[in-house]
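Colleague: Here is what each chain is made of, one letter per residue.
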Amino acid sequence: MQEIITLAHGSGGKTTGDLIKNIFIKHFNNDILMKNEDAASFILSGRAAFTTDSFVITPVFFKGGNIGKLAVCGTVNDLAAVGAVPLYLGCGFIIEEGLPLKELETIVEAMADTAKEAGVRIVTGDTKVVQKNAADKIFINTSGIGIIPDGIDISGYNAKPGDKVIITGTVGDHGCSILLEREKFDIYADIRSDCAPLNKMVGEVLSKTKDIHVMRDPTRGGVAATLNEIAVQSKVGIKLYEDRIPVNDQVRGLCELLGMDPLYMANEGKMLIIAPEAAINDIMGVLRNTVYGTKSCIIGEVTDEHESRVVMKTVAGGNRIVDMPVGDQLPRIC
Amino acid sequence: MDNLSVAFRDSKLASLLTEKLSKYRGGKINIMEVCGTHTMSISRYGIRSLLPEGINLISGPGCPVCVTPLYFINSAIELLDEKDVIITTFGDLMKVPGTSSSLIMEKARGKDIRIVYSPLDSLKIASENEDKRVVFLSVGFETTTPVTALTIRKASEEGFGNFSVLSANKTIPNVLKILALDKDVKVHGYLYPGHVSAITGTKLYHELAFQYGIPGVVAGFEPLDILHGILTLVDMINGSKKAVVNEYKRVVNEEGNKEAIKVTDQVFCPCDSVWRGIGNIPLSGLVIRDEYEAFDAWKVYNLKPCIAEETPGCMCGEILRGKLKPTDCGLFGKKCTPENPVGACMVSSEGTCAAYYRYQGV
Amino acid sequence: MCLALPGKIIEIKGKTGIVEMMGVSREVSLELIRDYNLGDYVLVHAGCAISKVDEEEAIKTIELFNELKEMDNG
Chain A
1 MQEIITLAHG SGGKTTGDLI KNIFIKHFNN DILMKNEDAA SFILSGRAAF
51 TTDSFVITPV FFKGGNIGKL AVCGTVNDLA AVGAVPLYLG CGFIIEEGLP
101 LKELETIVEA MADTAKEAGV RIVTGDTKVV QKNAADKIFI NTSGIGIIPD
151 GIDISGYNAK PGDKVIITGT VGDHGCSILL EREKFDIYAD IRSDCAPLNK
201 MVGEVLSKTK DIHVMRDPTR GGVAATLNEI AVQSKVGIKL YEDRIPVNDQ
251 VRGLCELLGM DPLYMANEGK MLIIAPEAAI NDIMGVLRNT VYGTKSCIIG
301 EVTDEHESRV VMKTVAGGNR IVDMPVGDQL PRIC
Chain B
1 MDNLSVAFRD SKLASLLTEK LSKYRGGKIN IMEVCGTHTM SISRYGIRSL
51 LPEGINLISG PGCPVCVTPL YFINSAIELL DEKDVIITTF GDLMKVPGTS
101 SSLIMEKARG KDIRIVYSPL DSLKIASENE DKRVVFLSVG FETTTPVTAL
151 TIRKASEEGF GNFSVLSANK TIPNVLKILA LDKDVKVHGY LYPGHVSAIT
201 GTKLYHELAF QYGIPGVVAG FEPLDILHGI LTLVDMINGS KKAVVNEYKR
251 VVNEEGNKEA IKVTDQVFCP CDSVWRGIGN IPLSGLVIRD EYEAFDAWKV
301 YNLKPCIAEE TPGCMCGEIL RGKLKPTDCG LFGKKCTPEN PVGACMVSSE
351 GTCAAYYRYQ GV
Chain C
1 MCLALPGKII EIKGKTGIVE MMGVSREVSL ELIRDYNLGD YVLVHAGCAI
51 SKVDEEEAIK TIELFNELKE MDNG
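Chain order of the listed sequences is A, B and C.
Residue numbering for the first sequence follows my numbering, beginning at 1 and increasing consecutively.
Residue numbering for the second sequence follows my numbering, beginning at 1 and increasing consecutively.
Residue numbering for the third sequence follows my numbering, beginning at 1 and increasing consecutively.
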């Protein structure tokens, strides 16, 4: 096998076939994929959920994972957020010529491992190779299908005054980890991406109680963006308490140094859960006993005041609006 | 003391200070918090929402992004027309709109613009890119200027031939005197910038207290620092006490930082300076001395500052001087929002209008 | 205009040092301060230590604030 990806790998001939066999099918390895048809076919029964996401992250390898792991987690988590049990994924790869084959294999292996952990199968895919500089090493698009069990009605429009807001762990880890790797600020901080598949954690919660109004994973724009979206969709206000929001010391330190706010940094292994007060103890009880939910906290509540706005009570006791981010947060000196 | 910042964010103590402040029943007091970092802190901790009606905080002109003239961004963008230029900048300047573009837009067009945490990092970039010319965009007040001065001095000592600085640094005292004389803005007390004071010392505020009769407190940036600073100012104003009190003694002393002052004087000298929205203030700016002209990008690239027109209706000038509130500006929240900023006060997240936009209504 | 963080000098390398601030660390220029030692607290701005932080004064200030608690209780 050649050592790097070339345009031949995307031309559809023998080289493409070898690549698919020796890397994708080898690691993804399931009977549907092995059939190697133009489309995967399977039986579905029930209310289906379908999502798609594209992953273009730089750097491709980071502390806590790589673009492949992210590509599986992101799509699995989007399905979990609507209460679906994720079943099948499809992955499209756009690879820049020159990418070392070893790197591609590492990425694909991570996808296979993560898919196995999540209990999903990657059943269809596509590979294209583009010229140098037409893509940044590798882009991955992942689509996913799952089934929503009966009795579940989870939606961004469902938040009600009186509901509590839970975050399943510390905020800002992924965003800070990527910032450190991407920018050459020469700051040392032991921060890892929290990238993780959350569907099993969510499944355990839903087995205990289906009384959940909203779930969403706070990715781009962080907790701030996600809660603002929900506040607008549900036409409610959301009140947060700064002293209850879990933040890793090092994430806090990095943000303080650069003048940034952990509430606006991306998370890839956390879920926001909004549920009525009556269900909270059950939810927290389950979460705290899962691998990815040990640091779950109740960080606020839904209110009928300040509709469509998120307001936070600060550690100083004052109130401030946590507004929708405008573009990317940038480090500041002032 | 394990964590020097966190100790000054104690909720119980903050609550106590807030309760004391809430007992204020006197006439309306205007306290000007000079420094943009104070504006940010006040906004971040929701301190305005804790103050009784009679205590009014005015944001002053200590926001470098807000007071840097439009032509600075225009000149920086002009520099990018040179083929081999790398611009290094603090993140604060990226989104500031110039007349027809901004650094972030130019970056999207493929120009080489890099955010740095320290001006010193520009030297590292210069040594890694010997075929390119690095220009650092320098804004800031007395806290940041010594770091830029140090960078220029090092560049000179180490013989960097591909590095220069486009500077628009300013100094605080003279603009405060102008504001103190302004009859439209009745400033009863100043909350002085703790980190500028760490460099300058506290003597420079005595004139404002004793001659102009305006008391001041040098305060740190944690919530307890700010709340206690306001409490002390209220007492001083009510007691007609004309003094400067240093409440940031863990960092600030009367003499300041001699090393920092020395390197600043070595590299820069005072000049008249245009403050966006205010106009020209004598001896309120800094220019690179002739001995270091090889590092002065204005000279190296023969750039001519070209005074640009502000958008009609923009009230940043009056807002920066504390004469008007953001809500008094017709553009605020309509044509001028954090997403589409027209004036400087909205661009910078520490700008009065941006902070107000977030805070309003709670 | 003065975002700065207090931190502890954990290593000195000539005119620079490694300073640890709230769990993160970075190499910082020590050229603008004098008479510093390992273990000292400094204020870091834009990659430079611009002042030493006097721990005793910090403790005194917190004690002063704490007296407010006593005054209130008393």
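Derived from the structure by calculation, the hints contain no laboratory data.
Even for Gly, the Cβ is constructed at its ideal location relative to N, Cα and C.
Any given hint could turn out to be false.
[Stated by the list, open to error] In silico DSSO-like links for lysine-lysine, alpha-carbon gap of 30 angstroms or less: (1) K28(B) / K164(A); (2) K8(C) / K12(B); (3) K60(C) / K124(B); (4) K124(B) / K313(A); (5) K132(A) / K12(B).
[Stated by the list, open to error] Listed next, the stretches of chain A that the computed footprint assigns to chain C, with coverage defined by at least 3 CB atoms under 8 angstroms from CB atoms of chain C: (6) 176-188; (7) 246-253; (8) 256-266; (9) 327-334.
Colleague: Please go over all the hints and tell whether each is borne out by the structure.
Modeller: Against the structure, the hints come out as follows:
no., hint, result
1, K28(B) / K164(A), "40 angstroms, violated"
2, K8(C) / K12(B), "27 angstroms, holds"
3, K60(C) / K124(B), "41 angstroms, violated"
4, K124(B) / K313(A), "42 angstroms, violated"
5, K132(A) / K12(B), "59 angstroms, violated"
6, 176-188, "holds (count 4)"
7, 246-253, "holds (count 4)"
8, 256-266, "holds (count 3)"
9, 327-334, "holds (count 3)"
Of the numbered hints stated above, those contradicted by the structure are hints 1, 3, 4, 5, listed in ascending order.
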